[in-house]
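Asker: Residues per chain, in single letters:
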Amino acid sequence: MRLTGLMMGAAFAACAAVPALAQDADRDLRIVVAEEVDLLEPCMATQSTIGAVLLQNISETLTYLDVRGESELTPKLAESWTQNDDGSWRFNLRQGVTFSDGSAFDAADVKHSFDRMMSDQIVCEAKRYFGGMEVQATVVDDHTIDFTADPAQPIMPLLLSLMAIVPSETPIEFTREPVGTGPYVLSDWTPGQQIVLSARDDYWGDAPAVTSATWLFRSDPAVRAAMIQTGEADIAPSIAVLDATNPETDFSYLDSETIYILLDDAVAPTNDVRVRQAMNMAIDREAFIGTLLPQDALLATSLFPPSTLGWNPDVAVTPYDPEGAIALLEDARADGVAVDTQMTLLARTANFPNIVEVMEALQQMLQEVGLTVDLRFLEVAEYQRIFKKPFPTEMGSVLFTAMHDNSKGDPSFTMFFKYASEGPQSGTDDPKVDQLIEDASAATDDDRARLWSELQAYLHDELYADVPLFHTVGYARVAPQIDWRPTIATTSMLPLGEIGFK
Amino acid sequence: MSSFIRKRAFASLISLIGLVVIVFFLSRLTGDPTDLFLPIEAPEEMRQQFRELNGLNDPLLVQFWNYLGDIVRLDFGVSLRRAQPAIDVVLPAFLWTLQLAAITMALVTGAAIVVGSLAAFRVGGIFDRIASLTSLIGASAPDFWVAIVAIVVFAVGLGWLPTSGTGTVWHWILPVGVLFIRPFGLIVQVVRGSMISALSSGYVKTARAKGVKSRAIIFVHALRNAMLPVITVIGDQAAALLNGAVIVETIFGFPGVGKLMIDSVLQRDFNVVLATIMITALAIFIMNLLIDLTYALLDPRIRY
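Residue numbers (UniProt numbering), protein chains in the order written: chain A, 1 to 502; chain B, 1 to 304.
Take these hints with a grain of salt, some might be off.
Stretch-level coverage of chain B by chain A, calculated; a stretch enters the list once three of its residues show a Cβ under 8 Å from a Cβ in chain A [stated by the list, open to error]:
#	region
1	30-43
2	49-63
3	87-93
4	162-176
One-sided excerpt, in silico: chain A residues whose CB lies under 10 Å from chain B [stated by the list, open to error]:
#	residue
5	V32
6	G69
7	V123
8	C124
9	Q193
10	E232
11	V380
12	A402
Partner residues are not named here, just some residues of chain A that face chain B (Cβ under 8 Å, in silico) [stated by the list, open to error]:
#	residue
13	L39
14	D120
15	R176
16	E177
17	S219
18	T230
19	R485
Think of the hints as simulated: they come from the structure by calculation, not from any bench. For each residue, glycine too, the CB sits at the ideal point set by N, CA and C.
Please model the entire structure based on the sequences and the hints provided.
Answerer: Set out below in structure tokens:
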């Protein structure tokens, strides 16, 4: 309403006076999102709805993955970091930083944040990134802290970009009153209605342009889009592709999700590489783009998006070749592979827009080359329950159609889970893959990138380990007076400091 | 009268206990909240820890026994998702729904009685035809469609009202308006039917013969007798609204109990599910009791 008023005012008022008026009035920002935020716990900030409000606004991290620049790790509460000779990491902390409760930030706070996150009295989501390793945080002095991991973690600085820092006074149990070092404090939280953050005047960094930000919750995408139009909100990070019709306000962005079909190499017929290759060739990926999926979606050759370290540009999308697929399957059948074994294509209800049509098309394409494929949809809890090893056997060979999110910039957040023989959602059991994952996880810089690239090519071109399909896109609507564009991290983080006014 | 209320309260208590038992076990049948609370990549030890901390590893009967023990002390447990007592989540949402239902039903009842009675007075007349047509359209219009169209027209197109949310009186107009349409259509039809039979009864003919004015005949003599079936339908519709107007709450971002109930079922937040169901059930029991008492008030032949 206010925006409409402003724009009408602009129509009547003298042109010169208007920009100043707009700048003064609109320091408040309203963001409308789909899902209500039901918890504002810093150690749960890796959950996207929570992180979008908390991360870099109320709570800050030692390091920050800047996806707007070169996808580089940049200093936040740590000014610098170095790897010690024993493989551990030393972080030099920023001085003169205070929490919003007035207490000073020091190494004890970092240690407490880590110990709290790992505590067995609460279940923090961020803890999962530190699974499979023993990590110790050791305070060296007030402004220096060491993190020692076994096995050594070359990406420790990146992992710590996922840990929100809380003051050492924070009790272990979940809090609903987050305190952090960020540029904002929580000033109102009316469950079901709104969350309001206000700028602090004693923030250590540059003062942000947005003085207060209100999060509103509307499940219906058409309503979110309409709210920008009527001026009731300024940013809607996610609207439906059908509503994204105005190039002035609507922007697409890769949302770091990848759709793929998991193939289990332990059961017939997907235990044969020719069958897996044929399945990759049977799918006409191009046909989905601009029809069932948005025009801006990308064809995938990996489960992580192209901005990730080591993403291999030389790996090409498997071309659509149904005749080739039929020939491969014939070949396999002649060698005694049980090609006609019943398979079940499994999907999660409402996992992404148009999923029913997408799944039916996939089923059709697989059937056209002669495979026997059933299609089943499962409710989310049931799907999550069975989507881990040991995979169910009562439905024949199961083809899980899933979405995987990796906006963290490194394939390690994908590779172990999805491809290692020990990986909980891996259908792959291959010694070379295991070795490459181990080597790449321990390597740094160029070596690391090279090893991940090699692994990606091996999985895609030789093993045909799974069927990568699409990197999906989201659409955001941004009011014309707001200077902000969505990024690949937008679904999990919305740093208000990056938002300006025109 | 008071023994009637006592009996009804006792019967309601039995139903409530039955409801708790059914909902407790049925909701547990729908699966483990761990898989929803933790991402699919979370290691098994984290899952175990989550189950242990939230008592999900205990045998079901032990969980139920603990729950009953807490309920007796009016402790509805803690919400898994929100880390706060379930009752603190449910009560504010329920109060929003209660207001929404009360305002809507008051408007519906008033409007439907007037329109239905007038329509019945001259059956087949122009007013009757218009009223019947519009009420039938209203009773059959899908509210998700009406809600979106209302937003497009009144908020986006004309700019008269906010699209959604809460805060001012203006925010209530669209949700109440959309909720109004269906029960209004239905109740107009019931009032009309009931009034037609009342108006053709002997006492109305006598009143007419005496020369009583039309308005008095409709609203004093016939209406009171025609109200009993109408009250039943009003009660029915009000109960549906108290359960939460899920679609309207979802579209308008209205923080009511219906959307909360659906969300917590989907998230397997069992304590919140149980608390919403108990609170709304309690409200519906109270409302049914009030309706029974209204019968007695309207019809002196009914005695408890």
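Asker: Against each hint, give a clear statement of whether it holds in the structure.
Answerer: Results for each hint:
1. 30-43: Result for this restraint: holds, n = 13.
2. 49-63: holds (count 3)
3. 87-93: Answer holds; 3 residues pass the 8 Å Cβ test.
4. 162-176: With 5 residues in contact (Cβ-Cβ under 8 Å with chain A), the coverage given for the region 162-176 of chain B holds.
5. V32: Given a least distance of 8 Å, the restraint on V32 of chain A holds.
6. G69: violated (27 Å)
7. V123: holds (4 Å)
8. C124: Hint holds; C124 of chain A Cβ to chain B Cβ min 9 Å, cut 10 Å.
9. Q193: At 5 Å from the nearest chain B Cβ, Q193 of chain A passes the 10 Å test, so the hint holds.
10. E232: Result: holds, 6 Å to nearest chain B Cβ.
11. V380: Constraint on V380 of chain A satisfied, holds at 7 Å.
12. A402: holds (8 Å)
13. L39: holds (6 Å)
14. D120: holds (6 Å)
15. R176: holds (6 Å)
16. E177: Constraint on E177 of chain A not satisfied, violated at 11 Å.
17. S219: holds (5 Å)
18. T230: holds (6 Å)
19. R485: Not OK, violated: R485 of chain A not within 8 Å of chain B, min 24 Å.
Checked against the numbered hints above, the structure breaks hints 6, 16, 19 and satisfies the rest.
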